[in-house]
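Visitor: Chain B: place on chain G using the hints.
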Amino acid sequence: MESLMAYVVGILFAAAIYMMLRRSIVKLVIGLILLSNAANLLIFVVSGMTRGAPPLIPEGADAPLGAIADPLPQALILTAIVIAFGVLAFAVVLIRRAYEVVGTDDLDQMKDTDT
Amino acid sequence: MLLAVLSGFLLAIVTPALHRITGRYIGWTLAILPASLTAYFASLIPDIQANGSLMLEYAWLPGLGIDLNFLVDGLSLVFALLISGIGTFILIYAGSYLAGHNYLARFFVIMLSFMASMLGLVLSDNLITLFVFWELTSITSYLLIGFNHEDVEARKCALQGLFVTAAGGLTLMAGLILLAIMGDSYSLSEILSSDMALHEHAFYTAAVICILAGTFTKSAQVPFHFWLPNAMAAPTPVSAFLHSATMVKAGIYLMARLNPSLGEGELWGSALMLFGAATMVTGAYRAFSSTGIKNVLAYSTIMALGTLTMLIGVGTELALTAFICFLVAHSLYKGGLFMIAGALDHETGTKDITRMGGLRKAMPVTAAITCLAALSLAGLPPLFGFIAKELLFESLLDSPLWSAGLTTAAVAAAILIVGVAGLVAIKPFFGQVVNTPKSPHEAPFGMLVGPAVLSVTALVFGLAPFLPEGALLQSAAGSVKGVPVETYLALWHGVNLPLILSIGSLLLGLALLFRWSRLQPALYAINTYAARFGPEAGYFRFMEGITIVAAWQTRVLQNGVLGLYLLLLVAVTFGLTGYTLLSHHGFNLTLNLGDSHFYEWGIALLLVVAAIFACTTHSRLGSVASMGVLGFGVALTFILFSAPDLGITQLLVETLTVILLVLVLFKLPEFTNLSSPFERYRDLAVAVFAGGVMTLLILAALDIQYFESISSYYIENSAPLAYGRNIVNVILVDFRALDTLGEIFVLSLAALGVLSMIKLRAEDQHKL
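These protein sequence lines are chains G and B, in that order. For the first sequence, the working numbering gives the first residue as 1, with consecutive numbering after it. For the second sequence, the working numbering gives the first residue as 116, with consecutive numbering after it.
So here's chain G without its partners, still in its complex pose:
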């Protein structure tokens, strides 16, 4: 499954970068979402994917019974998901505001600092 997901993540990255390179500011935001999903999946995939063994400790035991999925990357990804959402919310409101002020959604028209 990891090797298959490696290709999926690669495609997600390519799509994210392509979208971020577009001049339309909305596409930039779409690219941003794609990029954060791609990055999360990247961490998830490289740390190994395990089926049906969540990192939980059963009642009464001090340690999980048998092998479980690695909890550390999951903790990292959880943080990343939330942060990415914060960044996205900020970016979305920012470009909305920028569009109001500058009057264009073309990034190339937004290059002057004094507009």
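Check each hint, because a few of them may be wrong.
Stated by the list, open to error - Under the rule of at most 25 Å between Cα atoms (straight-line distance), these lysine to any residue pairs were calculated in the SDA-like manner: (1) B:K782 to G:V101; (2) B:K782 to G:G86; (3) B:K782 to G:L65; (4) B:K874 to G:V93; (5) B:K874 to G:R97; (6) B:K874 to G:V101; (7) B:K782 to G:V102; (8) B:K782 to G:L35; (9) B:K271 to B:V564; (10) B:K874 to G:A89; (11) B:K782 to G:A91; (12) B:K874 to G:T104; (13) B:K596 to B:P375; (14) B:K782 to G:R96; (15) B:K596 to B:H314; (16) B:K782 to G:A89; (17) B:K782 to G:A98; (18) B:K476 to G:I68; (19) B:K782 to G:V93; (20) B:K874 to G:A98; (21) B:K874 to G:A91; (22) B:K782 to G:R97; (23) B:K874 to G:I83; (24) B:K476 to B:S632; (25) B:K782 to G:L28; (26) B:K271 to B:F657; (27) B:K782 to B:G868; (28) B:K782 to G:G103; (29) B:K782 to G:G66; (30) B:K874 to G:L88; (31) B:K782 to G:R51; (32) B:K874 to G:G103; (33) B:K874 to G:G86; (34) B:K596 to B:K874; (35) B:K782 to G:L32; (36) B:K782 to G:L88; (37) B:K874 to G:L35; (38) B:K782 to G:E100; (39) B:K782 to G:Q109.
Since the hints were made in silico from the structure, they are not lab data.
Guide: Chain B only, in chain G's frame:
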């Protein structure tokens, strides 16, 4: 010793407060410090006479081999005494020269910092500390040249001085590091005392070139001399102190200091002699052909610096004795003359010697002191300058290399300098009275005490040369030579060739002096013509070139187009990553389908289709919807592969994201194709390349496990230590709680940002 060096910095800190208390006596008050430093350094003389040198050690950064070690020997003590001694009078002088100036306290702060840096420079034993002090003198010099910061010219000149000396400083650092590699130590005393043949080392040439580039820029040697006359934009006390007596001699000091180690190579001697002689003649000629009194003195300083460099290059015992005598003599008369130039400017309102004349009646004391200092400058008995000049001629006649050429150059310079001395002493004070912008009267006591003491010292040293000789000069010459030196200083050597040369140059100099007014227009025309090809023109062309290159690279790289920035960043990052990956790991593109279930296939396909659809659709709703699909697909992946927490969070966040996008983005215009097909294919190529590198990277990472995972710690300790059964949650809120706190902080900042932007809009509408 540490206190002696740092006391200047400490006093600088309290100077503004002190200024408020002492008012117009600030100069006299501050002068107590350098005066007591002078006494302190003088008290070290017997020690040096007995032991040769003194080492004082303080650990600073022992881990890096950088220590605040101070090396006191004859050479550094001569410099330290000159710095603190002349500094005393400069501070007194500045107190009356700048009396009532708005920024007087600021001036003294920088001046004291400079003095402390200069002392640190000449006393440091560690090459790195030496370099730090070296740069500090450059910076304080910059601040002092640009002290009248409202004057555009002063700012330009300050920047020029800084650029030239700081560029030299950079090469010097490289040179010092090379030297430390060659000598296998950062300690000057260790390098000097080691018996390694540095000139046979492979780095020798590079080190010498780098070090000389640093010392030549600092000490205004041809072709870097142009910054020094421009530095005369500084207030006169600065010119007298930094740009004649001390800072410009830092380069000279370092060359003298390193002479025992580097002097054995041929390159060292010939470079110093060649550049020194060229500087000497250039300086003397330009001094003679200038009319501004400070320029005359600045160029004659250049002449002196050239002479000193040349004498180190000659390197015989006699030459080094001449070197140390000339150094002391020059500091004594030039510091004094500069202070007098400032007094003249202060009292008459002009710097132009053609507009002064007959001032001896109005300023008799000034006139007397000037004549004394000028006699030393011209090298006439019974002043110390005479002894120095006799020694100079004698050592050049005796030089093992290029004796005839160097002597001719020195005699030519001496002729011109006799003229210069006449210009400075005779032109303003004798002859017809010329009306000056201000009606002249005697300068205040504070401005005369310095020049008077310095000139009288020169006279005493001239009449009794054994005084300084026995005390210090002999051991200083020994420090430059590397072995003890026998010196013999006397005013009268009998009739010999140096004396005849002296008399000849005096007569020719006087002859030139009387034709000065007639020669002046011609000299002026020559200088104006030569300026177009001189090194200063080169400097300006170089600076213009930098501006042009900067403008060009800004246009190309910093053009404000976000897409281009990203494109470059992505291309460079992934290009380098890809290269490293391929060169270290090779190309490995495997796809193992056997280990996946068909529904997992379905999810993977869903992700890919959603991503590609988002890129290609022309509908905003379509792309937002596909983002939703993608997000839920990712959530499904998390859930299927043992990450329930992630799945839940992802579902929540994805729902919120889609709502947010729908709410906000729909106030923005429809998608349009803004890019040309070329741009789209270019971006596509870069994106596909980056994606490919990512895939290869993941496949490579799956093969390799460099380190044992630290996860086992969390798994084992989650229940016993943190009493939690959901390990992911325990990591977030317990083991790594501080990270989570940071995350909450980031989110609240983002929320604040969002809130303020929405509120801003509301207020705008309110105003409308």
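Visitor: Each of the hints needs a verdict: does it hold here or not?
Guide: Cross-check of the supplied hints:
The suggested pairing of K782 (chain B) with V101 (chain G) holds, with an alpha-carbon distance near 13 Å, which does not exceed 25 Å. For the suggested pair K782 (chain B) and G86 (chain G), the alpha carbons sit about 21 Å apart, so the restraint of at most 25 Å is met. With a C-alpha separation of about 53 Å, the suggested pair K782 (chain B) and L65 (chain G) falls outside the 25 Å cut-off, and the hint is violated. Restraint check: the Cα-Cα separation between K874 (chain B) and V93 (chain G) comes to about 11 Å, which is no more than 25 Å; the hinted pair holds.
Only pairs whose Cα atoms come within 25 Å are accepted, and K874 (chain B) paired with R97 (chain G) is accepted, the gap being roughly 11 Å. Only pairs whose Cα atoms come within 25 Å are accepted, and K874 (chain B) paired with V101 (chain G) is accepted, the gap being roughly 14 Å. A hinted pair counts as satisfied when its Cα atoms are at most 25 Å apart, and K782 (chain B) with V102 (chain G) qualifies at roughly 14 Å. For the suggested pair K782 (chain B) and L35 (chain G), the alpha carbons sit about 24 Å apart, so the restraint of at most 25 Å is met.
Note on K271 (chain B) and V564 (chain B): the hinted pairing is violated, with a Cα-Cα distance of about 33 Å set against a maximum of 25 Å. The hinted pair formed by K874 (chain B) and A89 (chain G) meets the criterion: a straight-line CA distance of about 15 Å does not exceed 25 Å. With a C-alpha separation of about 15 Å, the suggested pairing of K782 (chain B) with A91 (chain G) holds against the 25 Å cut-off. Straight-line distance between C-alpha atoms of K874 (chain B) and T104 (chain G) comes to about 21 Å, which keeps the hinted pair within the 25 Å bound.
Distance restraint check for K596 (chain B) and P375 (chain B): the Cα-Cα separation of roughly 6 Å lies within the 25 Å cut-off, and the hinted pair is therefore satisfied. Pair hint K782 (chain B) plus R96 (chain G) holds up; C-alpha atoms about 8 Å apart against a cutoff of 25 Å. Note on K596 (chain B) and H314 (chain B): the hinted pairing holds, with a Cα-Cα distance of about 16 Å set against a maximum of 25 Å. Restraint check: the Cα-Cα separation between K782 (chain B) and A89 (chain G) comes to about 15 Å, which is no more than 25 Å; the hinted pair holds.
Taking the CA atoms of K782 (chain B) and A98 (chain G), the gap is about 12 Å. The hint holds against a cut of 25 Å. Taken as a hint, the K476 (chain B) and I68 (chain G) pair is broken in the structure, with Cα atoms around 103 Å apart against an allowance of 25 Å. Only pairs whose Cα atoms come within 25 Å are accepted, and K782 (chain B) paired with V93 (chain G) is accepted, the gap being roughly 11 Å. Between the alpha carbons of K874 (chain B) and A98 (chain G) the distance comes to roughly 14 Å, so the proposed pair stays at or under 25 Å and holds.
Restraint check: the Cα-Cα separation between K874 (chain B) and A91 (chain G) comes to about 16 Å, which is no more than 25 Å; the hinted pair holds. A distance of roughly 11 Å separates the Cα atoms of K782 (chain B) and R97 (chain G); the hinted pair therefore holds under the 25 Å criterion. For the suggested pair K874 (chain B) and I83 (chain G), the alpha carbons sit about 23 Å apart, so the restraint of at most 25 Å is met. Only pairs whose Cα atoms come within 25 Å are accepted, and K476 (chain B) paired with S632 (chain B) is accepted, the gap being roughly 23 Å.
Annotation: proposed proximity of K782 (chain B) to L28 (chain G) holds, straight-line Cα distance about 16 Å (limit 25 Å). Between the alpha carbons of K271 (chain B) and F657 (chain B) the distance comes to roughly 15 Å, so the proposed pair stays at or under 25 Å and holds. Note on K782 (chain B) and G868 (chain B): the hinted pairing holds, with a Cα-Cα distance of about 20 Å set against a maximum of 25 Å. A distance of roughly 12 Å separates the Cα atoms of K782 (chain B) and G103 (chain G); the hinted pair therefore holds under the 25 Å criterion.
Annotation: proposed proximity of K782 (chain B) to G66 (chain G) is violated, straight-line Cα distance about 53 Å (limit 25 Å). About 19 Å separates the Cα atoms of K874 (chain B) and L88 (chain G), which keeps this hinted pair within 25 Å; it holds. Taken as a hint, the K782 (chain B) and R51 (chain G) pair is broken in the structure, with Cα atoms around 43 Å apart against an allowance of 25 Å. Of the supplied pair hints, the one linking K874 (chain B) and G103 (chain G) holds, its CA atoms being roughly 19 Å apart against a limit of 25 Å.
Restraint check: the Cα-Cα separation between K874 (chain B) and G86 (chain G) comes to about 18 Å, which is no more than 25 Å; the hinted pair holds. For the hint linking K596 (chain B) to K874 (chain B), the alpha-carbon distance of about 77 Å lies beyond 25 Å, and the restraint is violated. Distance check on the hinted pair: K782 (chain B) and L32 (chain G) sit about 19 Å apart at the alpha-carbon level, within 25 Å; holds. In summary, the hint linking K782 (chain B) to L88 (chain G) is supported, as the alpha carbons are separated by about 17 Å, within the 25 Å threshold.
Taken as a hint, the K874 (chain B) and L35 (chain G) pair is broken in the structure, with Cα atoms around 29 Å apart against an allowance of 25 Å. Our distance criterion of 25 Å between C-alpha atoms is met by K782 (chain B) and E100 (chain G), whose separation comes to about 10 Å. This hinted pair checks out: K782 (chain B) and Q109 (chain G) have alpha carbons roughly 18 Å apart, not beyond 25 Å.
The structure is inconsistent with the numbered hints 3, 9, 18, 29, 31, 34 and 37, although it conforms to all the rest.
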